[in-house]
Amino acid sequence: MRNRMVISVALLALGALSGVAAYERAVPRADWREIAWPFPRDGWPAGRAFRCNSAACGGEVDVYVRPKIGFCNCDSGVADDDEVDRVADLDLMSERFVPREPGHVIRVADMQGRIRGYDLNMSDGSRRTAVGIAVSRRCDLMVAVAQGRGAAGEVRRAALEYLASPDMTRWMNAAMDGR
Amino acid sequence: MLCYRTGSQRRLVLNNGVESMSDRVKLAVCLSISYFACAGVVYAQSQVIGAPPEASNMKLVGASDLQARSAYQPTVHHQGDRWIAYIGHHGGTDEIPMPANPLTERAEPNGTSIVDVTDPAKPKYLTHIPGQEGKYEGGGAQMVRVCDGKGLPKGDPNAVYMLRTFGGEGHEIWNVATPEKPVLVSRITGGLKDTHKNWWECDTGIAFLVSGAADWRTRRMTQVYDLSDPANPRKIRDFGLPGQEPGSTGAVPTELHGPISTGPDGNRVYFGYGTNKGGFIQIVDREKLLKGPAEPTAENLRLPEVSRLAMSSFNGAHTTFPMLKMPIAEFAKDKDGKSRDIMMVVDEAILNECAEPRQMVWFADVTVENRPMMISSYTVPEASGNFCQRGGRFGSHSSNESMAPVYYKKMVFIAFFNAGVRALDIRDPYHPVEVGYFIPSITKATDKRCVTVDGKERCKVAIQTNNVETDERGYVYIVDRANTGLHILELTGPARAVAGLP
Chain A
1 MRNRMVISVA
11 LLALGALSGV
21 AAYERAVPRA
31 DWREIAWPFP
41 RDGWPAGRAF
51 RCNSAACGGE
61 VDVYVRPKIG
71 FCNCDSGVAD
81 DDEVDRVADL
91 DLMSERFVPR
101 EPGHVIRVAD
111 MQGRIRGYDL
121 NMSDGSRRTA
131 VGIAVSRRCD
141 LMVAVAQGRG
151 AAGEVRRAAL
161 EYLASPDMTR
171 WMNAAMDGR
Chain B
1 MLCYRTGSQR
11 RLVLNNGVES
21 MSDRVKLAVC
31 LSISYFACAG
41 VVYAQSQVIG
51 APPEASNMKL
61 VGASDLQARS
71 AYQPTVHHQG
81 DRWIAYIGHH
91 GGTDEIPMPA
101 NPLTERAEPN
111 GTSIVDVTDP
121 AKPKYLTHIP
131 GQEGKYEGGG
141 AQMVRVCDGK
151 GLPKGDPNAV
161 YMLRTFGGEG
171 HEIWNVATPE
181 KPVLVSRITG
191 GLKDTHKNWW
201 ECDTGIAFLV
211 SGAADWRTRR
221 MTQVYDLSDP
231 ANPRKIRDFG
241 LPGQEPGSTG
251 AVPTELHGPI
261 STGPDGNRVY
271 FGYGTNKGGF
281 IQIVDREKLL
291 KGPAEPTAEN
301 LRLPEVSRLA
311 MSSFNGAHTT
321 FPMLKMPIAE
331 FAKDKDGKSR
341 DIMMVVDEAI
351 LNECAEPRQM
361 VWFADVTVEN
371 RPMMISSYTV
381 PEASGNFCQR
391 GGRFGSHSSN
401 ESMAPVYYKK
411 MVFIAFFNAG
421 VRALDIRDPY
431 HPVEVGYFIP
441 SITKATDKRC
451 VTVDGKERCK
461 VAIQTNNVET
471 DERGYVYIVD
481 RANTGLHILE
491 LTGPARAVAG
501 LP
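Going down the list, the protein sequences come from chains A and B.
Residues in the first sequence are numbered from 1 upward in steps of one, following this note's numbering.
Residues in the second sequence are numbered from 1 upward in steps of one, following this note's numbering.
Note that these hints are calculated values from the structure, not bench results.
Heads up, a few of these hints could be off.
Under the rule of at most 30 Å between Cα atoms (straight-line distance), these lysine-lysine pairs were calculated in the DSSO-like manner [said to hold, decoys possible]:
1. B:K338 / B:K150
2. A:K68 / B:K410
3. B:K150 / B:K124
4. B:K456 / A:K68
5. B:K448 / A:K68
6. B:K444 / B:K460
7. B:K456 / B:K288
8. B:K335 / B:K291
Same shape as in the complex, but just chain A (with noise of 0.2 Å):
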């Protein structure tokens, strides 16, 4: 009676484990890693930038995420969807890009801001999709963009989702605290 236990105990055990395993193998995880920032030196200190290459993500996706000081309307903070054209580092990518659809409220890191979806048109006559994001904390901007091959939902999803991780959260906050 108690060898029956004991071997029910272990193939639940087993079996339990062996559903964690299918569940990993059958959601795999979105494998980012910092990459250097690639863009020259303009107005504004360099950002960090990440690049996950994993079926989690949709294929590959780069985020550049940086702090702008100072750029903001104290007041009104992120107003339109004309703002997040102009401040979400599109342009480092890409001069040539249009919006997919108006944007909408987001919130990162407790900021609030807009995002968007754009077309880029790449120097080499590729295209790309891509997201800008822009919030705010009074005077001050968070921007990131991220561009990707893939689906548009996919490079989107793939970047919200990084940019709530605690680490990406706390870096953030850090950044606009001066920190």
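Starting from the structure of chain A, add chain B where the hints point.
Chain B only, in chain A's frame:
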């Protein structure tokens, strides 16, 4: 000096292991003295209430507290036998959104101060016209220009017209012939996103209004108006850079800060874009701008442009002040190029306590219009006053814009925030030289300026000289962004000789 030891000297002492107790005591005493001496220097550089102003070759003639309102642009106008200063204000502060006006005994949103400066030693505050409700850049009436009605083609010859912004949402024209009792003449509104530093030609009435038309992709662009009849403003066209117009896509060029026109004679308008980043100067053919096709297509916006001078991403163009046909003494014996068309470009410092690249003053030679070139620059030496540690902004903001002969092409005055106003000898614009300065004392009204350090706000109080203007008599008017008011100055000593003043 006796205490000074280099690192290698100190290492030698310690390695020999012969540093006696008395040596250590001496070292401690010396270090303590050094610490307190250094602290004293820093303290001395911080402004304290009651301390005298800091000055060289400039002296205070008179002052007005401007009801402790944050000041932007002063314009000084000679009307009849009086000299009147019109001063635009930012919105109120978090602590005092609407300062009290002692003349009306009411709290009023910051707008325009009108001050009689006929006797500069005793400026008399005449009236305050309230502006748009709102704090800091979100309210007030920052900008002011003044034209005589008799000079405008269709103006009332008995009127004196003041053009001002009304917060971010519009522009207004007032008749200030009796400056104690201004009368509203007309209003230009239309869902603007923002307004800023306008230019008004007093002989033609053409105005270049810095606005943010609702459907444009930029916060600030130009709306050209015919204000020759101030009671009936007539819009001529919208203007901006290709990529800013409605319906365009892709990168949005840097927003406008303000233009200065040379009128029909010079036929040029010099536009400054960028404020403190990614700036450039755009030289525009005025006639093509006024008479060209008005539809805001990329092609039509390109048509009047003569050339552009791109600046570093580190700097922007706040003021573009033209000084055309300047004789250059060094080039006097050259067969060509003896005189040069010079443009002074003033950046605007935005961030407190030096948290950005230095914003300063640049001189460009625009004689060859399609190849404009920067030729020189000027900044206040930071170490001369430990300005990065004083608090508030340090860097340039604006220059005088009066073209009256007393100073034009000889001297300019630069508002440099916590470094006060700076007087430059620019007779050789290839080598501008500072010949005087004045940093006003702070008062109880001077507002704090804060930065975030390790997530906490740290505040300091310092003068924030925001703008400067001159009058035909040679007086220099500076106003403070941190609520310290108006200071009227005059040159002294060798600086007067530069301007040819007795």
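Right, here's what the structure says about each hint:
1. A C-alpha spacing of about 38 Å is found between B:K338 and B:K150, which places the hinted pair above 30 Å, so the restraint is violated.
2. Note on A:K68 and B:K410: the hinted pairing is violated, with a Cα-Cα distance of about 39 Å set against a maximum of 30 Å.
3. With a CA separation close to 26 Å, the supplied pair B:K150 and B:K124 stays within the 30 Å bound.
4. Restraint check for B:K456 and A:K68: the C-alpha separation of about 18 Å stays at or below 30 Å, so the hint holds.
5. In summary, the hint linking B:K448 to A:K68 is supported, as the alpha carbons are separated by about 23 Å, within the 30 Å threshold.
6. With a C-alpha separation of about 13 Å, the suggested pairing of B:K444 with B:K460 holds against the 30 Å cut-off.
7. A threshold of 30 Å between alpha carbons decides the hint, and for B:K456 with B:K288 the separation of about 52 Å lies outside it, so the pair is violated.
8. For the suggested pair B:K335 and B:K291, the alpha carbons sit about 37 Å apart, so the restraint of at most 30 Å is broken.
The structure fails hints 1, 2, 7 and 8 (numbered hints given earlier, in ascending order).
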